[in-house]
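Order-wise, the sequence lines are chains E and Y.
According to my numbering, the stretch in the first sequence is residues 572 to 781, in order.
According to my numbering, the stretch in the second sequence is residues 95 to 840, in order.
Among these hints, one or two may not hold up.
[Said to hold, decoys possible] Here are the computed lysine to any residue pairs in the SDA-like style, where the Cα-Cα straight-line distance is at most 20 Å:
no.	chain 1	residue 1	chain 2	residue 2
1	Y	K392	E	Q671
2	E	K655	Y	Q587
3	E	K655	Y	A585
4	Y	K610	Y	A652
No lab work stands behind these hints, which were simulated from the structure alone.
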Amino acid sequence: MKNVLLLIALLASSALSAQTGYEKAMTKGLQMVKDAQTAQDMNAASAFFERIAVTEKNNWLPYYYAAWTQILAGYMDEKADKDKVAHKANELISQADAFQPDNSEIYCLKQMSASLAMLVDPMTRWQTYGMEAATALDKAKKLDPSNPRPYLLEAQGLYYTPEQFGGGKAKAKVVYEKAIQMYGTFKPASPLHPSWGLEQAEEGLKNCME
Amino acid sequence: MYRVLGLLCCFFLSESVWSQHILSGTVLGDDGKSLPGVNVYIRDSYDGAITDSTGHYSFPTDISGPAVLVASFIGYKTIEKPVEINGSELRADLILREEISELNAVVITAGSFEASDKKRATVLSLLDIVTTAGADADISATLQTVPGVQKVGEQEGLFVRGGSAEEAKVIIDGAVVNNFYYSSIPGIASRGRFSPFLFSGTAFTSGGYSALYGQALSAVLNLESVDLPARSEMQVGISPLFVSAGFQHVNQEKTQSFGASYAYTNLNLYMAVIPQRFDISQAPVGHEGDLNYRFKTKKNGIFKAYATYSFNKQGIRQASLDSTGLKNGYHVGNANVYLNSSFKQSLGKRWNYTGVISYSYNRDDIEARLLDQRNENVPATGIGVLDNVTFSTVAVQQMLQMRHVVERKFSGLNALRFGGEIWYNKDASDIRSLYYNGPADIEDTYGAVFAETDVYLSKNLAFRPGLRAEYSRLTGKANLAPRASLSCKIAPQMQLTFDYGIFYQTPERKYLLFDKDFDFNRADHYILTYQWLNKDYTFRVQAYDKEYIRLTKTDQTAQNAVHEDGSGYARGIELFWRDRKTFKGFNYWISYSFIDTERDYLNYPVKATPTFAASHSGSIVLKKFWVSRMLGVNWSYTVTSGRPYYNPNLGSDDFLSDRTRPYQSHNVSVNWLTNVFKSNAVVVFSLNNVFNQRQIFGYSYSNRIFDDNNLLIRKAIQPPTARSVFVGLFMSWGVDRTQDNINNNL
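Using the sequences and the hints, build the whole thing.
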């Protein structure tokens, strides 16, 4: 009896620890993102997620976060070679895409990556990368109409686009408000699924009010 | 029981605490430099770290025994190193090898002028083509501001490195365009038919081009049409010269699109306001329309079909140099149809296919007349040079072509491309004149097969050999043309490229009406390029030697080929500097070309520098955009030394020894982006030859009237107006459905 119990306990504990291992790691990664002060910190988070991704193999989430943090690091570091960062991010995105095709969240990343590449030379690149970003955003909205992040990204895009090109604070404000309203009802599938963006939306809205 | 579990927990915990090891080391690149940001970890675990700014890493792990240490980094090959973890510390230094990718590798096509928005760093952007002052959004006029392309005002076409316009071919999606320019009146250059907005990529190679293309002794201009428009939109253009309207519809899934446009051009008003140097019998009037359809296939392929039709007419009268009081009238009507359908598809992971079928039809109706003061036809005079002026020609040119190219990609950037193409050309003309009446028809079927391969020996050294075999049914001749390109990166962003190639071109069909047994014309190119390129600066120096081994010689009247022993050479040095950074919001380029060229071809009595080559040419192009005002101002200045012109008063020893005065032109254009009727609108204003400098392209001489010094009289060939002006308003309304949906849902 004792042996059986011991066996069960052993099995249970090992199963438990195996599961929590992934969850613990992911939670730790998300904490790294939250605490990141510099591009270097963000890169460390990206590398961490990538390590989880290659270990977990068929899971799209760590690839998603690895790509996301890669892009954030690209935005944080002014001197970063944005083409290189976007290239790396796209590799990670295509991995995530392979395990989870037609996911709204992944299309959000595609938009972010294309926008980053556009920054290299916006005057000439908006026609190609700008279009890529816009197409990805449309797809993200269509794939999950309840996802607030495409609207957050759209608002951010509008905010930085001059009024003459169809952007501006007034237009951004409306979309930010819509995004914030959607964050109120959006439920991530699990605590580890993407849920970021409310703070950025509120911050963005505040900037539009100024 | 609980004690057991507690114990167990203790056991596991203590195990993980007590068996922790520290892994550390340094990661270097294959150049010996430390690499920061490398992800180093143990395979199948989450344990790892990234290297710091000195390339050093260190992390704890619970794993012991045999394990695999992995290091991965952007742009480098991931490496795996088996390690044995025991003891408290393990040191493992790693060396990563850089991967060959477009981001770091040497560029094979460094000698070309590419305008693309997709590539990492190109010399020109697509916007440059439409915002270069003096070019009026004409692709070949913009190219006249880069080295190697001669500014020639009296004839359309690309005159590249001492080559005639016929030696340069324009290619759209792989298919050669037979009548790229509008039909013109002798002495007045015409524009290209195709708007630069149709293309997403433009690559101009002023020599030493790829084996994938042929039938051009000098250069190819490669245009790649837009894949799928960004969004549905409607466009309207209004100017005193034309009105145009068009639309593009893109479906919601962005998988297919179709569109159409129409334009009506009428220069009556313009020519009434701006003083013209010629007596205008028919101001240019034209209709043109196009249709397009594109769809994306499931596997990232794309099919594109494009059809355009245009009809134009224009006519001038000018005083005859061979008589007093009589005039020469010249009228040309042109109808043109061009169809192009292309298909790109990836066949599996490493294979790509591109194919194109294209058809073109061009009909010129030319009426040349000797006129009296009341513009009535003058009957036959019995004086040859006067009666020669009267003729009517109907010339129809048709071309059908098909082309297939397959690409096989290998690891890194290595690739093999091969394929074939076949062209069918038919020229039918009917000439009515006092001396000759009758049809002149000629046709040719031309076929070629080709292959080339990109071999990256390292990221710093690339070799592209190519081979092309061609056959012309008309002449019954075949050839084998080797091409090669060797590129070497000598420092970051800096490289040397050497291009070599043999280039063949069938003699122009118009010379082959009688005797057809002529071999291909041939030119050999040797080009050395030094380039320093990043996104802010471009500096390029090119030195070249182009040897014309075989050129067509014609009889005195330049009507028929008589032999093929013509030859020539062109040697020169070209400089290009572009700076997008030094002055904020301001970018400029400077180009300079020096050429030494002579040729003996057509009816040249001796070897001479041709009329289309000036020894020195230079351009300065300035662009400034004020984002706050959405206003762009562009300036360009072009200067060339005098070009040779034919003076019949001189003996054949002094053939083409005269030079025109140097050519100079200052041009300005302004684009203002604004909103008109809720559209995104661009207001364009341009003024060419701002300072009204006297521009002379050459002289035409009388055949029989002498002046007081017993010299044949002459007249300068000049642009039709002293200055040219353009004003236009272009509006576009985006009808993006998704945008509407969002707005409705807000």
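Going down the list of hints, with the structure as the test:
1. A C-alpha spacing of about 18 Å is found between K392(Y) and Q671(E), which places the hinted pair at or below 20 Å, so the restraint holds.
2. About 15 Å separates the Cα atoms of K655(E) and Q587(Y), which keeps this hinted pair within 20 Å; it holds.
3. The hinted pair formed by K655(E) and A585(Y) meets the criterion: a straight-line CA distance of about 19 Å does not exceed 20 Å.
4. This hinted pair checks out: K610(Y) and A652(Y) have alpha carbons roughly 15 Å apart, not beyond 20 Å.
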